[in-house]
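Participant: So you can see what is in the structure, the chains are spelled out below.
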Amino acid sequence: MDTKKPSAPSEPVLREHVYDGIQEYDQKLPRWWLFTLYMAIAWFVGHWLFYYQLGYGSSDTVAIDQAMAEMQTAREKQMESISDAQLWEMSRDPKIVEAGKATFMTPGMCVTCHAPDLSGTLAGAKLPGLPLSDQEWKHGGTPLEIFKIVRRGSPDVTKGMAAWEGVLGMQRVGEVVAFVLSHHQEGEPITRAPDSPPAK
Amino acid sequence: MNATAAAKVPVEYNDKVVRQFLLASVIFGAVAMLAGVFIASQLNYHELNLKEWLTFGRLRPLHTNAAIFAFVGNMMFAGIYYSTQRLCKCRMGNDTLSSIHFWGWQLIIIAAAVSLPLGFSRGKEYAELIWPINVAVAVIWVVFGVNFFLTLHKRNEPSLYVALWFYIATIVTVAMLYIVNHLSIPTSWTHSYGIFGGVQDALVQWWYGHNAVAFFLTTPILGIMYYFLPKAAERPVYSYRLSIVHFWSLVFLYIWAGPHHLLNTALPKWLQMLGMFFSLMLWAPSWGGMLNGLLTLRGAWDKLRTDPVIKFFIAGVTFYGMATFEGPLLSIRAVNSLSHYSDWTIGHVHAGALGWNGFMAAGMFYWLAPRLWNTKLYSTSMANFHFWIGTLGILLYVVAMWISGIMQGLMLNQVTADGLALKNTFLDTLQAIRPLMGLRVIGGAMFLVGWIVMIVNLWKTIRSGKPVNEVREVAVIQRGSGDTMGVKETFFNAPTTCTLGALFLLMGWIFLPPGADVAALVGTVIFTFMAIRRATQNSENWAGWYDKLLSNYLPFTVLTFVAVVIGGLLQIVPTVTVNNAKNVEDRVQKLYEPLELVGRDIYVSEGCYNCHSQMIRTLVPDVMRYGDYSRLGESIYDHPFQWGSKRTGPDLAREGGVRPDSWHYEHMMNPRSMSPQSNMPSYAHLKDKAFDQKTLPKKIAVMRQLGAPYPPMDATEIKMKALEQGAKIATELKKSNIVVRPDSEMVAVIAYLQKLGQFDAVEEEAIQELPKPGLPFPLKPVIPDSVRKASPPLAN
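From first to last, the protein sequence lines are chains A and B. Each residue of the first sequence is one higher than the one before, starting from 1 at the first, in the UniProt record's numbering. Each residue of the second sequence is one higher than the one before, starting from 1 at the first, in the UniProt record's numbering.
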């Protein structure tokens, strides 16, 4: 190898000092290696200048607030198109009901607390959820009221259902409500539960 | 440099302590890996959480602490004790200190192995051990340091070899990090609250945590590489000047990189930016070490075929290069938004721990054992088998974790067509990565098998020889021929003043108010160019000064300490000294009621943070899944902070008030009843155990001391409050036909979980009115975020 001709001028310097038998060459620093170091430093200085001195780019909180506000506007727009009548109509559409059922029955979702038969009980034991197959509705039984509970959760979420809109999105919330409504008839009596919050 | 050579005397090295540390490392390495394979299996088979003291949350700290402190710790000590004696041409400073160091360290390991499964934990990663053990670690570390510096003091080789530079950096820096991150106020013999809370604790913890990797798992092993690799290759080291440049840039830059563990969180942006950019700048210095290792083999590559020691070293250094390329990549905020909290990080760590530490250790053991027992290695083919099964094991492990991390990250971010809802539940993503978590177990097990083969090989080797302590003829040098550098020569000379001057101005650029900062930047640039010119023109002077520094161990140590202390000071001091109220943004968390505090301590001691974060990042998918992003003030009373670093389960920052108490009860009794196919262990044992009322008043008192504004309450009042809240929850549960003791740990944990995410709004003006910290000087330092040019449009 090249180390056999130590007197050539291009040869690396071998330092004289020997440490417990170990010697060191004194090779020049590889150029590409230095280049990566300089590039990283330049990127730091440049980026910092742009963000802090020149004020480019938005801060994290501003960016996220903006993104979430845009989503909220889009959701409200979707809400405008939903009515009791439309939800009843959806509940008679087998395709929509089937989709809602699939979501409902997904492990970890509605079925966990409300049971596969919507009774809120499993093998005689009471589950955390209320029955959805009877005519008693703690938070109101009109389609839009049910829709609201699924979207936002119960008024005091420590004692009831969680909000599902973030996970499901409006479309799937609608499908799930349609599935629940498919167990009911339009115009059937709606009773309030004894522990219902006072009606507004 | 010319040591006045006097008469040659025989010196017997203390090789006994090297043998002891070597054996301890080999054994604890196996224990750490076995624990790793076991807890990795628990992630797919929750049934393996056999007993409360064998749950993932308690065993994962055991695995990490065993790997870091027991396995690599003992390996590092073996390597340092062996090489330092030879590089200094003298016996270790003091034999008694060597023994105390060895036995003290093993006792600490045993104390850790007992206390962690019992649930005694401080709840901070790699800093879980309780305070009495912390004190022991600090004491033993000081014993080690004294012993090491005594050796330097009486050395018979004036000049310090590069390996010793790295050892010096290790000893000084680990002492600093360990002590600061473990400062706490005891509430009993087994429990304490750290003095930092919330964001301060987060910053200090990851300053420590990241640099545990840097100065416990990296610098000592680089030192070991610089000694053992050229020894085994019988070749000169590639480049002395590369050693200098990469050593100083590495120790200076590493310490700044801690905040890259907190990217996109509530941590102030300037700290996040520093964490990211210093990580990127760290790439080249890290690769400097790799290059010096790999290129030392120039002209000896043929040994790679025949010598297992070289195989392990080269693979180890290559994995080091891979991990230190991946590290900066993961530190980029955009990449991190996907990778953080996922298995990708786990894969990254193991590329380092198994590939770099594991293989460097194995190479060193195969080289040392025949020499320490005066014999030949029992079997080269067994060592080769170890190499190949180990390499395949690591690759399988790392690749599985890459795929798992990226896949879960992408799935968690997936949204529906209208972009308004998430596509996958957390449980969906968990099911998706199960096969990959299985592959990881196989990869880890392969590495363990290789390790066991090594143990057998070493055992047979040792049996065939006899322990010997090497004796060498050494020329004793006169005291006073080295170590003569004074303060003036150390600090007031071109290299030091130029470097420190440029750095000082650079800090000015970051911390000075608008106008002055730009001036400081211009100054930095001018200063840097001047320094480069002087260095090239007077290169012989500069080199001469450095040569002299190398024969003066104390000035060298002081300068090393200066290099490592700057980054920590500038990141932590502004955050810690700033009034707590300044760290709140627009919300401040509600104070924990006594019962909730008890529940929190149980949450911490069960190690829930190993799988659940409490930090919703400023990222759309995080906010969609878990709720409004976390503010600084929302963890202000959290000692320790529980922001977490891995989401094997979902984030819990806003878990409070989302589900009924009965859900939590059922979920902790049997997680799968509420979350089908969850891999969480059952926490049924909390139901029958009464929570600790006795220490509660003391805990509240310490929290008050730490700044939590509890009203004055006497001990009975505190206990009554806790029991009343417990009774309330028990009554609520009764409605769902659940009977539970009102003083049970279960009730306390439910109380805590229901509290998570509750806050009081803070008036914007109240924040503004607080006195701004600063020096009584026209140029008051300011936090960069507070003077950013663009005025942020108000969102609310």
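For the record, the hints were derived by calculation from the structure and aren't laboratory data. Any given hint could turn out to be false.
Here are the computed lysine to aspartate or glutamate pairs in the EDC-like style, where the Cα-Cα straight-line distance is at most 16 Å [claimed, not checked]:
(1) B/K735 with A/D20
(2) B/K590 with B/E655
(3) B/K231 with B/E326
(4) B/K466 with B/E593
(5) B/K423 with A/D84
(6) A/K126 with B/D95
(7) B/K231 with A/D20
(8) A/K138 with A/E70
(9) B/K719 with B/E763
(10) A/K77 with B/D418
(11) B/K154 with B/D95
(12) B/K269 with B/D785
(13) B/K719 with B/D547
(14) A/K148 with A/E70
(15) B/K590 with B/D692
Participant: Now tell me, hint by hint, if it's right for this structure.
Facilitator: Against the structure, the hints come out as follows:
1. B/K735 with A/D20: Outside the cut-off at roughly 78 Å; violated.
2. B/K590 with B/E655: holds (14 Å)
3. B/K231 with B/E326: Violated. B/K231 to B/E326 sits at ~29 Å, over the 16 Å cutoff.
4. B/K466 with B/E593: Violated, at roughly 64 Å.
5. B/K423 with A/D84: With a Cα-Cα distance of about 26 Å, the restraint between B/K423 and A/D84 is violated, given a limit of 16 Å.
6. A/K126 with B/D95: Between A/K126 and B/D95 the Cα gap is close to 70 Å, so the pair fails against 16 Å, i.e. violated.
7. B/K231 with A/D20: Holds. B/K231 to A/D20 sits at ~9 Å (cutoff 16 Å).
8. A/K138 with A/E70: violated (33 Å)
9. B/K719 with B/E763: violated (33 Å)
10. A/K77 with B/D418: Judged against 16 Å, a Cα distance of about 12 Å means the pair holds.
11. B/K154 with B/D95: Holds, because 14 Å separates the two Cα atoms, which is no more than 16 Å.
12. B/K269 with B/D785: holds (7 Å)
13. B/K719 with B/D547: violated (66 Å)
14. A/K148 with A/E70: Violated, at roughly 20 Å.
15. B/K590 with B/D692: violated (23 Å)
In this structure, the earlier hints numbered 1, 3, 4, 5, 6, 8, 9, 13, 14 and 15 are contradicted, and the remaining ones agree with it.
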